[in-house]
Amino acid sequence: MAPVLLGTRPSGPRRRGLVGPHGGSPLGAVGLRRPGAVALLRFPDTSLAPGKWRPVLLVAPTPPPHGDWLVLMISSQVQRAVPGFDEPLLPSEPDFPATGLRRPSVVRLSRLAVVEAALLKGALGEIAPERFRRITDRLARWIRTGGV
34 MAPVLLGTRP
44 SGPRRRGLVG
54 PHGGSPLGAV
64 GLRRPGAVAL
74 LRFPDTSLAP
84 GKWRPVLLVA
94 PTPPPHGDWL
104 VLMISSQVQR
114 AVPGFDEPLL
124 PSEPDFPATG
134 LRRPSVVRLS
144 RLAVVEAALL
154 KGALGEIAPE
164 RFRRITDRLA
174 RWIRTGGV
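When you read off a place in the sequence shown, starting at 1, and then add 33, the result is the number in the working numbering.
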């Protein structure tokens, strides 16, 4: 762990308690870069200003040779979920512990980004395959129909 200078505070995912069981190492170091994984990303605001460290759901890698990833933002602001569109992740659900999340959250399907794989940090966990299929089916339907 890096030394902390007096008068400074650590920032980023470690300070927020978001670093998962793999210690915040870049994804891929232990083979966790795959669709359905939950990782950390400094997710940009819609204004493209630098955002906060947030969990993201890895959806799909871009075609080679780029190595980028399509990701969906995960938020703990469950009250902002669009009913029937966004996917809640609740502690009462059987796959919640495997996500590595600490509180009720929501996968925001309308908050997508394509990012360099090197920007993905940490490896929190993953969602169940059936939940992942439900999310990607809903996302594909939304894109095909041009909206909700």
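Honestly, the hints are just simulated from the structure, not real lab data. A portion of the hints provided could be inaccurate.
What the hints assert, rightly or not - Here are the in silico distance ranges between beta carbons for each label pair: (1) 130 to 99: 32 to 38 Å; (2) 130 to 81: 33 to 39 Å; (3) 97 to 162: 31 to 37 Å; (4) 68 to 118: 17 to 23 Å; (5) 124 to 98: 37 to 43 Å; (6) 174 to 98: 26 to 32 Å; (7) 177 to 126: 25 to 31 Å; (8) 81 to 131: 17 to 23 Å; (9) 163 to 124: 30 to 36 Å.
Ideal placement from N, C-alpha and C gives every residue a C-beta, glycine not left out.
Any hints this thing doesn't respect? Which numbers, in order?
-> 3, 8 and 9
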